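Chemist: Residue numbers (the working numbering), protein chains in the order written: chain A, 390 to 698; chain B, 570 to 962.
Please note: incorrect hints may appear among the correct ones.
[Stated by the list, open to error] Beyond 10 Å from chain A on every Cβ pair, some chain B residues (computed):
{"hint": "1", "residue": "LEU574"}
{"hint": "2", "residue": "LEU576"}
{"hint": "3", "residue": "VAL656"}
{"hint": "4", "residue": "PRO686"}
{"hint": "5", "residue": "ASP687"}
{"hint": "6", "residue": "ALA702"}
{"hint": "7", "residue": "LEU704"}
{"hint": "8", "residue": "LEU705"}
{"hint": "9", "residue": "GLU707"}
{"hint": "10", "residue": "LYS766"}
{"hint": "11", "residue": "THR767"}
{"hint": "12", "residue": "HIS819"}
{"hint": "13", "residue": "LEU904"}
{"hint": "14", "residue": "GLU908"}
[Claimed, not checked] Below are the SDA-like pairs computed for lysine to any residue, each with C-alpha atoms no more than 25 Å apart in a straight line:
{"hint": "15", "chain 1": "B", "residue 1": "LYS743", "chain 2": "B", "residue 2": "HIS821"}
{"hint": "16", "chain 1": "B", "residue 1": "LYS840", "chain 2": "A", "residue 2": "SER515"}
{"hint": "17", "chain 1": "B", "residue 1": "LYS743", "chain 2": "A", "residue 2": "LEU471"}
{"hint": "18", "chain 1": "B", "residue 1": "LYS743", "chain 2": "A", "residue 2": "GLU477"}
{"hint": "19", "chain 1": "B", "residue 1": "LYS743", "chain 2": "A", "residue 2": "VAL467"}
{"hint": "20", "chain 1": "B", "residue 1": "LYS839", "chain 2": "A", "residue 2": "ASP469"}
{"hint": "21", "chain 1": "B", "residue 1": "LYS743", "chain 2": "A", "residue 2": "ASP469"}
{"hint": "22", "chain 1": "B", "residue 1": "LYS587", "chain 2": "B", "residue 2": "HIS821"}
{"hint": "23", "chain 1": "B", "residue 1": "LYS840", "chain 2": "A", "residue 2": "ARG561"}
[Stated by the list, open to error] Simulated coverage check for chain A against chain B, where a stretch passes if three residues somewhere in it have a Cβ under 8 Å from a Cβ of chain B:
{"hint": "24", "segment": "470-479"}
{"hint": "25", "segment": "595-601"}
Hints in this document: simulated from the structure, not taken from any laboratory.
From a predicted model like this one, the values you see are computed outputs, not experimental measurements.
Glycine is no exception: its CB is placed at the ideal position from the N, C-alpha and C atoms.
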Amino acid sequence: MRTINTSLLLGMALLMQLTGCGREQAQQQQQGIAETAAYIVAVNNPLLYFARRLTGDDIEVRLLAPEDIDPATWQPTVADVLQLQGAELVLLNGAGYSSWLDKIAISSGKLVATSEAVQDSWIELSDTLTHSHGPVGEHAHGGYAFTTWMDMSLARGQAEAVATALQQRWPRRSDAIAANLAALSADIDGLDDGYRQQALSLAGRQLIYSHPVYQYFQRRYQLPGYSLHWEPGAMPTEQQWEALRQQLSDTALFIWEGEPAAPIVERMASLGLEFVVLDPAANTSGKDWLAVQRENIARLSAANKGSGL
Amino acid sequence: MKDLLYLSVNYIRHHRVKLLVLTLAITLVSWLPIAIQSIVDQTARQLSQRAERTPLVIGAPGSPLELSLGSLYFKTKTPEVLPYAEVAAVRATGYARAIPLYYRFRVQDYPLVGTSPDYFDYRGLRLSSGRHAALLGEAVIGAQVARDMQLTVGDHVISSPESVFDLAGVYPLKMPVVGILAPGFSPDDEAVFVDIKTAWVIQGLGHGHQDLNRKEALGQILKREGDNIIANASVRQFNEITPDNLDSFHFHGDNADNPISAIIPVPADKKSAALLLGHYLEERSNVQIVRSQRVIGELLDTLFTVRDYIVVGIAIVALATATVALLVFYLSLRLRKGERFTLARIGASRWQIQALMATEVIFVLLLSAVLSAILIALTRQYGMALLQQLLMT
């Protein structure tokens with residue numbers, strides 16, 4: 390009897406340890422947020438635009454990065470992370486665009502890597518620095534060029550990935566999303582055609598890019614050039630101007646991310662350097678992404694016609 | 570009647586020790602089997618509830634019991650691991666959401682559970698103070714952890730090294746407590762929760778250190794070979810993740826290869842659960858899917874078998890006690906033969922004498938019944954908590 394008593398006590402001790410004992414309250418699994426309160430977070434303006442076009446404004450789509458900050462360099466606050474956690478879907482650009490992703494707590498099931506399907510097309514940055522220390526061994530902190538949407542074929546793939554994620558999350562809206570995707574894809578194809586046409590005219594010109602954010606654009610439309618690190622609002626130093634002057638040819642065309650400041654425009658004019666603004670539209674600016682891209686094409690067209698932008 | 574009562578009370582008072590012992594013996598043998606059954610049933614119910622709410626668990630091949638106990642109660646110390654890529658694989662089946670669990674590490678005696686924010690929704694866990702973990706390195710603690718370690722939001726917990734002799738192994742990570750869970754009377758009360766990536770940082774799969782491109786790090790650099798910087802072991806690695814050094818934290822390799830202990834699949838419905846089960850049983854050999862209800866049910870069957878042995882044993886003891894009690898009553902009546910004769914001689918009726926003799930038996934049985942009922946009620950109300958307290962101390 391003593392043996393049995395000991396066994397019972399041991400068995401119960403194990404079970405008590407396991408259950409934590411007491412009454413476990415009746416808890417219901419929360420299977421999802423009510424559709425009326427649902428929202429989606431996009432990490433940049435192209436994805437924001439794609440999601441809005443595809444959902445037809447039925448579901449709120451948010452971009453958390455403030456308008457005056459490049460979403461690629463934006464870091465979320467705790468309040469932002471809590472918003473991300475509450476989102477139904479978080480639309481990621483991929484190619485290492487959201488470096489904060491490894492530093493926040495978020496359910497991977499919400500994440501939609503929109504360029505993952507075209508991962509083979511990502512452009513690896515060549516100036517990646519590696520280091521090694523301690524038992525970890527050699528490792529790199531580099532990555533990929535991330536302005537994928539400036540290649541309109543990749544942008545279309547990203548839009549399709551967004552549509553697939555939306556259809557899986559809201560299957561009853563699948564038909565409407567598919568119809569919206571067809572219209573959106575046609576618009577993106579139109580941009581692709583537009584850029585292709587302008588690229589034909591730009592062939593043979595020396596292209597100087599203000600920032601290394603046009604890698605996919607350059608590859609898609611065969612418009613190679615070299616990139617600087619100039620900001621449209623910050624006057625370059627004299628050394629930088631001199632270095633640029635030495636590189637210039639008669640066919641040079643400078644491509645800015647945004648409208649340059651007036652003193653910079655004057656200085657370029659004095660060098661006889663033509664420029665054009667090719668806005669990647671990573672963040673919102675009062676105009677939607679498609680409109681900005683169409684304006685880019687219009688400006689390239691004007692540059693090609695030699696209207697002096 | 571008044572005379573009868575007077576004599577009965579005085580008899581009981583005079584034989585109080587004998588009657589008290591008899592009463593306690595009968596009380597105990599009537600209370601014990603019911604109490605054991607009650608506690609075992611309550612324990613079994615709680616175990617079953619947790620398993621019913623988590624009917625499926627996916628893990629590395631090995632003991633199904635270990636996997637169930639680990640993923641439901643965080644009670645296994647050296648879990649087998651599977652790659653984080655399996656979380657995406659579960660999701661890719663289209664049958665279920667997937668919640669990762671990594672419960673290899675501890676904070677003192679409490680399990681440190683790396684998981685995703687989905688876990689709290691899934692278990693219906695509410696916060697009594699603070700907020701959920703948002704950034705790498707933040708911790709949310711169970712109610713009992715907070716109580717035992719006297720922690721509040723803003724305090725810190727430190728992960729425990731796995732071995733004091735493993736100097737190159739897992740380093741302690743200091744983590745701020747950003748939230749405390751409301752008591753759920755479940756194993757979650759006794760756990761420290763962090764994001765799964767924080768658990769990987771504890772394991773050394775991710776880390777933060779000085780920027781080797783800065784001038785301050787010149788002393789730590791052994792040499793530069795092209796784009797590769799080789800630093801010495803004095804590079805300062807951070808053992809606490811703060812807003813200032815958060816940016817320096819990074820992971821090596823693909824997170825998909827990082828380890829987890831188990832996955833809780835959350836199917837949308839029973840059909841999806843059945844399809845998921847079939848998929849894993851038939852098509853996957855490098856991972857196992859466990860029906861935790863069945864595993865816990867087998868554990869409970871063992872418990873019930875032991876309980877049945879105990880109850881049979883106690884029933885035999887009760888029979889012996891009842892026999893002894895009968896003997897005591899019989900001997901008592903024999904001893905009171907002179908008393909009955911005296912009562913008859915002074916004019917007591919036959920009914921009065923019989924009633925007086927019966928008083929002893931009625932008193933003992935009635936008092937035993939009342940005491941036993943009180944004890945059973947107390948056992949049902951507080952027995953589990955008291956036993957747990959006893960076991961913990």
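Chemist: Tell me, which hint numbers fail for this structure?
Modeler: The structure breaks hints 3, 4, 5, 6, 7, 8, 9, 10, 11, 12, 16, 18, 20, 22 and 25; every other hint is satisfied.
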